[in-house]
Amino acid sequence: MPVQYVSIVEEHLATRQAAGLFDVSHMGRLLVEGPAAIDWLEGLLTRRVADLAVGRARYTLVTGVDSTAEETTAPPVILDDAVVTRLADADDGTPRLLLVVNASNASRVIRWLESQLPARGVRLTDRTAATAMIAVQGPLVFGSGGLLQQVCTADTAAMLAALPVYGAVETTVANTPAVVSRTGYTGEDGIELVVDADAALPVWQQLLTAGRDRGGRPCGLGSRDTLRLEAGMPLYGHELTELTDPAAIGLGRAVQGEGRSFPGVAELAARREAGGRQRVGLQFAAKRAARQGDPILLPGADQACGEVTSGSFSPTLGCGIAMAMVEPAVAAVGTELEATVRGSRLPARVVPLPFYRRPRGAS
Amino acid sequence: MDKPRRYAKSHEWARLEDDGVVTVGISAYAVEALTDLVFMQLPEVGATVTAGESFGEIESVKAVSDLYAPISGEVVAVNAELPGKLETLGDDPYGSGWVIKIKPADVGQLETLLDQTAYDTLVGSESH
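For the protein sequence lines, the chains are H and W, in the order given.
This note's numbering puts the first residue of the first sequence at 387, with every later residue one more than the last.
This note's numbering puts the first residue of the second sequence at 1022, with every later residue one more than the last.
Isolated chain H (complex conformation):
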């Protein structure tokens, strides 16, 4: 995936106004199968898996011990965030689940999961290289004349249009078997689809062709980042790290700790108890934004009260925006702050998250 095909801003606006196509095949795709697959994941993920119905997906954190940690007795940390999807059971009734993880964390997540495999009952397969993943996002994905209507049969398009958010189904898109889920990382409605790697190119080309005349575009990593930032979505390595308190960055609901025993359940509870810096949205007066690592200060102060985790020009708002971790005392909406950006201090105001919410009623 390139940073940009043409322009980050053009690709960003195309996704907001029409449709953006993202080749996210770099993300890790792990298939978990077997009679004990559900129980096994229930014991490992921060979200419940035991009550996950066929055709439903959940956003979750993956906690565990980083096998590259110096001490083998190191406490569990947040290794990644992920989406777990319960696929249709195999013909013999065996559960099948798909776990999509970040590319940057895939190898250590796989190492961790492999170290936790029981002697029997669960098979873990890395399907990353054998499959491709395409995110199709924006108001032109669904609806009359939308991309899906053009590349699916009428029945399939109608079935996908009825798919709830975080619903998933195995069907045929662009004449190709695909796992389709109503998920995304842009703040727009849309789908993500997983197809066999051999079939990916024609699927991509059909989707491109279907959107081309109405503003659909291929989009790169740059616009993927500005879109998720406007939507207030955390990114591992930025807002979310090994030692994050999930509730402090708006991910409290990604942790279902009560009565459960996933790795790190006690550590996460202790972090919540300890409190500390919390995530805020910052809006800058001008186009320029602070970036990750830039300090946040009160006007006139010389002691930092926070740090930027992600920042960029916002194509939708036309000004700089950022997410930052700040002391609770300066986290209230409306607080005037400053960011030090390569020597100059940029004024910024704490604003509600997300920065962008798609218009109600829009598909």
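Check before you lean on any hint, since a few could be wrong.
Stated by the list, open to error - Quick list of in silico lysine-lysine cross-link-like pairs, DSBU-like style, CA-CA up to 30 Å:
hint : chain 1 : residue 1 : chain 2 : residue 2
1    : H       : K673      : W       : K1030
2    : W       : K1106     : H       : K673
3    : W       : K1024     : W       : K1106
Stated by the list, open to error - Counterexamples of contact, computed for chain H against chain W with all Cβ distances above 12 Å:
hint : residue
4    : V440
5    : A492
6    : G529
7    : S530
8    : R598
What the hints assert, rightly or not - Computed spacing ranges between beta-carbons, pair by pair:
hint : chain 1 : residue 1 : chain 2 : residue 2 : range
9    : H       : G704      : W       : V1085     : 15 to 25 Å
10   : H       : R442      : W       : K1106     : 45 to 55 Å
11   : W       : S1031     : H       : G429      : 20 to 30 Å
12   : H       : A516      : W       : G1116     : 52 to 62 Å
13   : W       : D1087     : H       : T511      : 45 to 55 Å
14   : H       : A489      : W       : S1093     : 37 to 47 Å
15   : W       : G1116     : H       : L703      : 29 to 39 Å
16   : H       : G643      : W       : A1084     : 37 to 47 Å
None of these hints come from the bench; they were simulated from the model.
Virtual Cβ for every residue (Gly too), placed ideally from N, Cα, C.
Add chain W to chain H, keeping to what the hints say.
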């Protein structure tokens, strides 16, 4: 006919004017490659710049880039309208999109820069 331009490998252009001052800007190729510009920081008039060293910066949605002086000397003019109208850089990179004017310490330094043919070759190899 325009006066000939010389180019730094870092994509700034320099043009010796009749009054002995050197006008400096950013090549059309570089502006095109930067895309989505959001901010530009320029030196003050009177500042001293050194060939090959940063005299300002330009920021796009994608990244922050330094601007490097193609020639040493004193800054005698700054295009103050530019930071508020960054699209001028792309619309007219060799005219109203000029960035600074330098009174050169040694005008002979221009000869060390790439001429148009050599720069076109550099850009051709970068874009392929």
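Evaluation of the provided hints:
1. H/K673 / W/K1030: OK: H/K673 and W/K1030 at ~28 Å, within 30 Å.
2. W/K1106 / H/K673: holds (12 Å)
3. W/K1024 / W/K1106: holds (25 Å)
4. V440: holds (41 Å)
5. A492: holds (25 Å)
6. G529: holds (29 Å)
7. S530: holds (33 Å)
8. R598: holds (21 Å)
9. H/G704 / W/V1085: 15 to 25 Å: holds (19 Å)
10. H/R442 / W/K1106: 45 to 55 Å: holds (51 Å)
11. W/S1031 / H/G429: 20 to 30 Å: violated (55 Å)
12. H/A516 / W/G1116: 52 to 62 Å: holds (54 Å)
13. W/D1087 / H/T511: 45 to 55 Å: Since W/D1087 and H/T511 have Cβ atoms about 47 Å apart, the given range 45 to 55 Å holds.
14. H/A489 / W/S1093: 37 to 47 Å: holds (45 Å)
15. W/G1116 / H/L703: 29 to 39 Å: holds (32 Å)
16. H/G643 / W/A1084: 37 to 47 Å: holds (40 Å)
Hint compliance for this structure: hint 11 is the single one not met.
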